[in-house]
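Dock chain A against the given chain D, drawing on the hints supplied.
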Amino acid sequence: MLEKLSARIFLFCALLSVVSLLLIVGFVFYKGSHPFVAEGYSFFDFIFGMDWVPSEDKFGIFPMIVASLFATIGALIIGVPVGLFTAIFLAEIAPKRVAKIISPAVQLLAGIPSVLYGVFGLAIIVPFLQNNLGLVKGQSLLAVILVLAIMMLPTVVTVAETAIRAVPKMYREGSLALGASQIGTIFKVVVPAAKSGIMAAVVLGLGRAIGETMAVILVAGNSLILPTSLTDSVRPLTTNIALEMGYAFGTHQEMLFATGIVLFSFILLLNFVLAKISSKGGN
Amino acid sequence: MPIDYLGGLDMTFIRKTTIGLLVLFLAAVLSACGETTGNGTGSSNGSKEIVSISGSTSVGPLAEKLAEKFKDNNENINIEVNQIGSSAGITNATSGVSEIGMSSRDLKEEEKANGLKETIIAYDGIVVVTHPSNKVNNLTLEQVKQIFTGEVTNWNQLGGEDMEIVVVSREDGSGSRDAFQEIVGYSSGELIRNAIIASGNGNIKTTVATNKHAVGFISFEYIDDTISTIQIDGVKATAENVLQQKYSLSRPFLFVHKEDNITEAGKQFIDFILSSDGQAIVSEAGAIPVK
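Chains as they are written, first to last, in the numbering used here: chain D, 1 to 283; chain A, 1 to 291.
These are calculated hints, taken from the structure and not from any lab test.
Calculated lysine-lysine pairs in the DSS-like style (CA-CA distance at most 27 Å, straight line):
| id | chain 1 | residue 1 | chain 2 | residue 2 |
| --- | --- | --- | --- | --- |
| 1 | A | K112 | D | K58 |
| 2 | A | K108 | A | K267 |
| 3 | D | K58 | A | K145 |
| 4 | A | K108 | D | K31 |
| 5 | A | K112 | D | K31 |
| 6 | A | K212 | A | K236 |
| 7 | A | K258 | D | K31 |
| 8 | D | K58 | A | K108 |
| 9 | A | K145 | A | K246 |
| 10 | D | K169 | D | K96 |
| 11 | A | K112 | A | K267 |
Chain D with its partners taken away, still in its complex shape:
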């Protein structure tokens, strides 16, 4: 009886997540596709349009797509090496006592609510850029990249560290026995062996960066320009939705849902890549 009941409860919970996924996706796509299906807006103009002026019926999100990509790539360029080296240090080099301090610190970093990263960025990074680089405004692509790089660290470090630790001991022993140095062993043997796990770490970090909203909204400046330099203030896709949803209605609101579809497509693509990498790791 209890057996059966608990099985039911588990099934119900499992279905709940599937149903909510369908509901959310269905709702976003229904709302977001409405302007293109029923109101005659061109999807091409939406994706490649340079102007976003909702009150004048102009909905182009190209600058935001570019901003999202630049911010994510920039964060990867800083976050991945730092994260990977941290992971290597923790798994291979650090004495146990040191690792015991650093590991929880990194994991704690993952638990900090993202809005606090934003507040930190606004209070520390933005004024720092303003005062030390002589920028007229610290709210910039650079500020976004720095905040996102810090935010993706815990994901990258934790996943990469587990991957490196999972490399069989005999690989290292074999390499060392052949006379390779420790660093040589790490980069020529251990890291290549953990390649797929590390790639998964990168993709997960990327997902964290591209979907981040609350931290970014505070430091991005949210200007509607096509970013041409690190010091431009930018508006990524996520902040466009969060910034304007409160005041939007009618077509404007639907266009924000459409922005959500574009964002969702990016995330979907990432998940696809991640699944590919994971399955490849098995071979």
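Quick look at chain A alone, frame taken from chain D:
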């Protein structure tokens, strides 16, 4: 293979987290639904009545203060104020999600068509603000327009120091922004492209207070000494000047409701706001009374 196991672990972790989040989300939705139903039965039973109000972040703080005083004399009525923006508030009042909507801008034609009744509860002044170190303290409306449309990009063109102007604006759709643009006389498309867009009065104030290049606009209520205020055509941004119609940057604060949705308690609250007691609180809060 250990790596295979690793991959499996990751995916399980992700799946677990996703499921957890979705369950939480659904729980939140369900409980929200439950609450609404609860309200309905509550008011019909005559126990603690709830008046739900949502809308403009400019009207919100004032509505909170009014609600607090109102509750002192009406203990069986609870007033819930949600600051979610003018448009969202008007939508909620139209659909009946909220009993009363707050707006800091006039209703648009398509919104009026839904049969909303509007009540002006106060007036608000909008003030142009700069960093305290900025020497510029008087602008004409035309100069304000030139700043926000990017015709003027350096403070030395306005009698200030030789430094770039950083424009800070609210987001498209914001009531404050609509009102400001309408009075100053430029459209959203004309706003200088590299303007920083901040959500909310507080956010604009913080941005301007921490950047000596910046200029923005906020409600009178938010004025404090972290920013310096600009006179328009030599007229100081004060309540008296708004009421005497000398100060041009002002707008109405509206409560909107549908006759079908308004409860006795909701009506009492509106009457209270328009009474002399209510209007005294309006002026205490930094807004400008209608009477």
